[in-house]
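Here's the letter readout for the chains.
There are 2 protein chains.
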Amino acid sequence: MSNHKIVFLPHETKITVPDGETIIHAALEAGVHINASCGGEGVCGKCRVLIEDGTVEGGTSEKLSPEDQDKGYRLACQAVVKNDLAVRIPVESSMDASVLRRHMTPRKTAHIREMNFDELKEKGLFVAPVGKIFLQLPEPTLQDNLPDITRLISYLKAKHDEHRLDVALSVIRKIPDAMREKDFEVTATLVRPVRDVGKTRLINVQPGDTTGRSFAIAMDIGTTTIYGQVIDLISGDVLAEYGDFNGQISYGEDVISRIVYAEKPGGLQRLHEVVMNTINKVLDKIIKQSGIDHEDLSTITLAGNTTMTQLLLKINPRSIRRSPYVPAATLYPPTRAKDLGMAVGDHVSALVYPAVSSYVGGDIVAGVMGAGIYRAEKLTLYLDVGTNAEIVIGNKDWLACAACSAGPAFEGGGLKYGMRAEKGAIEDFSIDPITYEPMIITVGNVRPKGICGSGLITMVATMFEIGIINNLGKFNRDLETERIREGDGAYEYVLAWKEETQIDRDVTLTEIDIENLIRAKGAIYSGCMTLLTEVGMSLQEIEHIILAGGFGSYVDLEKAMVIGLLPEMDPAKVTFIGNGSLMGARMSSLTNRIRKDVVEVTHKMTNFELSDTASYMDNYIAALFLPHTDIDQFPKLKARLETRKNR
Amino acid sequence: MSNHKIVFLPHETKITVPDGETIIHAALEAGVHINASCGGEGVCGKCRVLIEDGTVEGGTSEKLSPEDQDKGYRLACQAVVKNDLAVRIPVESSMDASVLRRHMTPRKTAHIREMNFDELKEKGLFVAPVGKIFLQLPEPTLQDNLPDITRLISYLKAKHDEHRLDVALSVIRKIPDAMREKDFEVTATLVRPVRDVGKTRLINVQPGDTTGRSFAIAMDIGTTTIYGQVIDLISGDVLAEYGDFNGQISYGEDVISRIVYAEKPGGLQRLHEVVMNTINKVLDKIIKQSGIDHEDLSTITLAGNTTMTQLLLKINPRSIRRSPYVPAATLYPPTRAKDLGMAVGDHVSALVYPAVSSYVGGDIVAGVMGAGIYRAEKLTLYLDVGTNAEIVIGNKDWLACAACSAGPAFEGGGLKYGMRAEKGAIEDFSIDPITYEPMIITVGNVRPKGICGSGLITMVATMFEIGIINNLGKFNRDLETERIREGDGAYEYVLAWKEETQIDRDVTLTEIDIENLIRAKGAIYSGCMTLLTEVGMSLQEIEHIILAGGFGSYVDLEKAMVIGLLPEMDPAKVTFIGNGSLMGARMSSLTNRIRKDVVEVTHKMTNFELSDTASYMDNYIAALFLPHTDIDQFPKLKARLETRKNR
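Here the protein sequences line up with chains A and B, keeping their order. Residue numbering for the first sequence is 25 to 671, as defined by this note's numbering. Residue numbering for the second sequence is 25 to 671, as defined by this note's numbering.
Honestly, the hints are just simulated from the structure, not real lab data. Keep in mind that this is a model prediction, so the values were computed, not measured. A portion of the hints provided could be inaccurate.
Stated by the list, open to error - On the chain A side, residues computed to face chain B include the following (Cβ under 7 Å):
(1) S343
(2) T359
(3) M561
(4) E565
Stated by the list, open to error - If you anchor each label on the Cβ, the simulated ranges turn out as follows:
(5) E143(A) - K206(B): 34 to 40 Å
(6) A646(A) - G236(B): 56 to 62 Å
(7) D201(B) - S347(A): 52 to 58 Å
Claimed, not checked - The calculated lysine-lysine pairs, modelled on DSSO-like cross-linking and capped at a C-alpha distance of 30 Å, are:
(8) K223(B) - K338(A)
(9) K362(B) - K628(A)
(10) K362(A) - K206(B)
(11) K338(B) - K181(A)
(12) K362(A) - K305(B)
(13) K223(A) - K402(A)
(14) K206(B) - K288(A)
(15) K181(B) - K420(A)
(16) K181(A) - K628(B)
(17) K620(A) - K183(B)
(18) K338(B) - K362(A)
(19) K181(A) - K402(A)
(20) K362(B) - K147(B)
(21) K29(B) - K402(B)
(22) K181(A) - K620(A)
(23) K338(A) - K402(B)
(24) K223(A) - K628(B)
(25) K147(A) - K660(A)
Beta carbons are placed, not taken as given, at the ideal position from N, Cα and C, and that holds for glycine.
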């Protein structure tokens, strides 16, 4: 797909965007404000721009007079970029754009890093977990009537130097027919030991030559969503991927409510069955999608937080939610997938990622493995933000970790008009610093219904930096705009008027919402601070930030630094790995080296119970400001704010 | 119970019998003939004897005149020994008893050997398979919030020097509740590795101190019957035992018909379920009988022939019955008992005895282990006779084995009036060499219905030795008795006349029955001969015979040697171990040493497929005589026969 260059006038802000992008999204990326109230649906008509050079597709509307359309005016939210353009923001939309210019920054999201199978091989980290060997066995006679399995094993020993094999009962059940189906030509599937002292397990025997087909499945068992991938163990490719909501959601949104349910009579069994139903749905989907044969599947590697893991394994998670927060186990033995209720062959093993503690679970360990922090030279901060935020800091020499309850603000929860990042959620925002008119963009470009986490961060950061919100999170009551008003018990900013929304009410951002966000970001920032304090280091020493989880994919890094959620550093040093849990599960599926290292890594990860760490509360209270009580921790922001003050 | 001495007159044959024995049984033991036709029910009135000294209980009858009763006559089958006696056999019953004397020998059964736990210990063969350790764990705090299982394992390491533990998922499921039920006082159950390189498995954790209770179960999975024992692993005692018919009997009497059924669609699944039903019935019975708690049970060790084992493990036995007779496997991995369908706890392992070949199964290997042949200095012949006869010959240096199809004659099958050794079966027999009148004793002392295996052997041996049957198994047609007659297509001997039986027909022994017996004993004897030939030895070198199986418990050894079923040797050198399969299973339950040795033993046991061994058919044909074509193999019998001929 081709890219196109756009110059936004009058300030000649340049950006390159892919073919098919709308002008309003291009403006957002470039940090150019255009008033827009309807989320991108084209009904408010405020986002008119003049196409001075080049042509666009669409963008005409009854909101524009035929004359204006003839002149080249288009609605920015409806006009699609198909070639290079010069776009002028009309003065009524941008006002004194020179002011805007100083405060708007282009949107910066983290560099995305994906797992690379070849890199694994290059770094010597690839140790094949599964071997398939094709055998042409001699036919039995009265003089040579070894048992079928002995025939196979002797041959493997003699011709393939395979020793110390453990044989599964399921293989013995299959072997008489498998051997005789294709004249004693069979393929043996060998699962290699993780440690040298271990035994190779013979898990399957198939008629004929199936050595070209060897697959595994990686799964992320999230509190909200369950993802699965089919992985080709030969090429390293992902052949199919599918995600679905964890059926347990009906029994509570977060881990605590799941634990409460599990404590009821029959509750554990129920939650176990429900998550298995979702897992089986995902398995069925990806197996069908990839067209693989169940017989060619060897392992299913699963990663999840400690509560999800215990429910998956049908272990009562009761003590996880009670001080002193003790999980039943953090290392789980390999189990037959079928015994757990998975609809796969007898021979398939379920391998469950180890955890560190009740609140730093296998999903985080998987992320640490997937992101390679345990091998990193640089001091790295790994952050997985959801309702709970997990923090890992360290490098190849040491790792410290902690979990904190951020509350649901980052997922749009607990806000007056909060919602998940679904259709109609305001996900992007800018504001005209003169008129205080907003530019709102919603998921799906429809009229707004509410605010999601990324929108919230961008709003609060933007408003804080131009002085609409002060460092306590309160609105400036002196501004001349009807958008800031005293609402139902708290001051609020009207993002969209009733008639512009889908909900027949004004959509607003309230001071209570801002307080929630400050508490959430404060919990995370102080978690990082506390971990660093405990190991005798400072935030300034962090050289690399890795974001995991849905959150990291959309957050504007500069904005996250403005509110003090992330420490201030070059956005180029922030990496986004997406679903770290799934990535780690995939890596463990692909190479035994990771499975070997992981146990060592979990032992290396020092867990801090923040509630039991003296400095945490102090750090937390200090972080309940925008960006922080100690503004010196954010020197670039401090400089910008001083420039603004002195203006 | 007290014993009493009896002197039988006129020949002053002496015997000591336990209190409560009947006189007719005492006579049988002593080798004294008394005519008797009704099996011991007291209705024929033929077995009148004169009590010359001492008194008996019962034995009066309307078959005796009041005068005779006053004189001291009693019916031998009804008179119970209560003190020392002198008993005269009336001349009309014994005729020229001096002749009898020369040919009747006292009944000799094998010396019974039972397993001895203390002996195991003395010989250094006791290596405890299960350890239970009571632990008083420190309670978790925020400063010490290790996962439950880690707390347990660390403590086991630190305080009990237990390393390299494998943890079962079922333990992780139990541990949160178990630890908290009795203030962190728990008992850990550790299953020790069979080999030094193996890992100890932590299979259970129970609240409080349960170290005094540790149990295992041993089972013999027979084609006909399934036996189970609960074993106290601390004392070595058998706490309960129960046997029941294998429910698979409805699907065929022998292994071949079971295999045929298993090959039908759904047949394998059905037979597996049916045997599991019987197993669960036996388990339920012995667990209840012994009053043990399921939680204190660690292992179930099962031994059975190869077909029974494959059906138990749900492995299709198809190729077992087809040349070249290949089983799927002879070594079976430990399996969770519950996965096989046994109604026991998640933590209980099922350990299945390894086999040698399709027809020398785990039951025989268990017998070899139980009888200790693999440790013996003496050259030993181990014989387990049923429909199939399994033969093992060897000592601590080498072991050779084979199986042969004896046919059902030893179990009373295939005979005109054959039956199992159930009520009404003629199990013992003697004959008056002058009148050819029989003395028949039935199981349950009721009127006869048919002939069982032991009765058949005794009849044929007795008749052969006094010349009623010749060495081809044919009746002497010249004898003056109406009992020998040409029956329905074959000559036969009338054991009991119609009016004396329960079946309203004469019960007879036919020449066809004798032929069946000769073929059966010929198969076994030639099997032994062939094995010895293959290893370059002779029957005369055998120093010890061990009989296993139901057969060995009742067979009259001298008679078995007369027909050429067993080689001629001192009956004192024959040992009966009963259910060798169950004994071996019990030993493996008690000590890991046996489980370690058994694999080596199976590798040592050289299996001969008789059908593929050239000398077998020659040996077989030579054995189709009474006792054998080569009478020199039976020197004592030869001498007795010559004495008779010369008389």
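Now for the hints, and whether the structure bears them out:
| no. | hint | result |
| --- | --- | --- |
| 1 | S343 | holds, 6 Å |
| 2 | T359 | holds, 5 Å |
| 3 | M561 | violated, 22 Å |
| 4 | E565 | violated, 27 Å |
| 5 | E143(A) - K206(B): 34 to 40 Å | violated, 52 Å |
| 6 | A646(A) - G236(B): 56 to 62 Å | holds, 59 Å |
| 7 | D201(B) - S347(A): 52 to 58 Å | violated, 18 Å |
| 8 | K223(B) - K338(A) | holds, 25 Å |
| 9 | K362(B) - K628(A) | violated, 37 Å |
| 10 | K362(A) - K206(B) | violated, 34 Å |
| 11 | K338(B) - K181(A) | holds, 27 Å |
| 12 | K362(A) - K305(B) | holds, 27 Å |
| 13 | K223(A) - K402(A) | violated, 36 Å |
| 14 | K206(B) - K288(A) | holds, 22 Å |
| 15 | K181(B) - K420(A) | holds, 28 Å |
| 16 | K181(A) - K628(B) | holds, 19 Å |
| 17 | K620(A) - K183(B) | holds, 28 Å |
| 18 | K338(B) - K362(A) | holds, 17 Å |
| 19 | K181(A) - K402(A) | violated, 45 Å |
| 20 | K362(B) - K147(B) | violated, 35 Å |
| 21 | K29(B) - K402(B) | violated, 36 Å |
| 22 | K181(A) - K620(A) | holds, 25 Å |
| 23 | K338(A) - K402(B) | violated, 56 Å |
| 24 | K223(A) - K628(B) | holds, 24 Å |
| 25 | K147(A) - K660(A) | violated, 38 Å |
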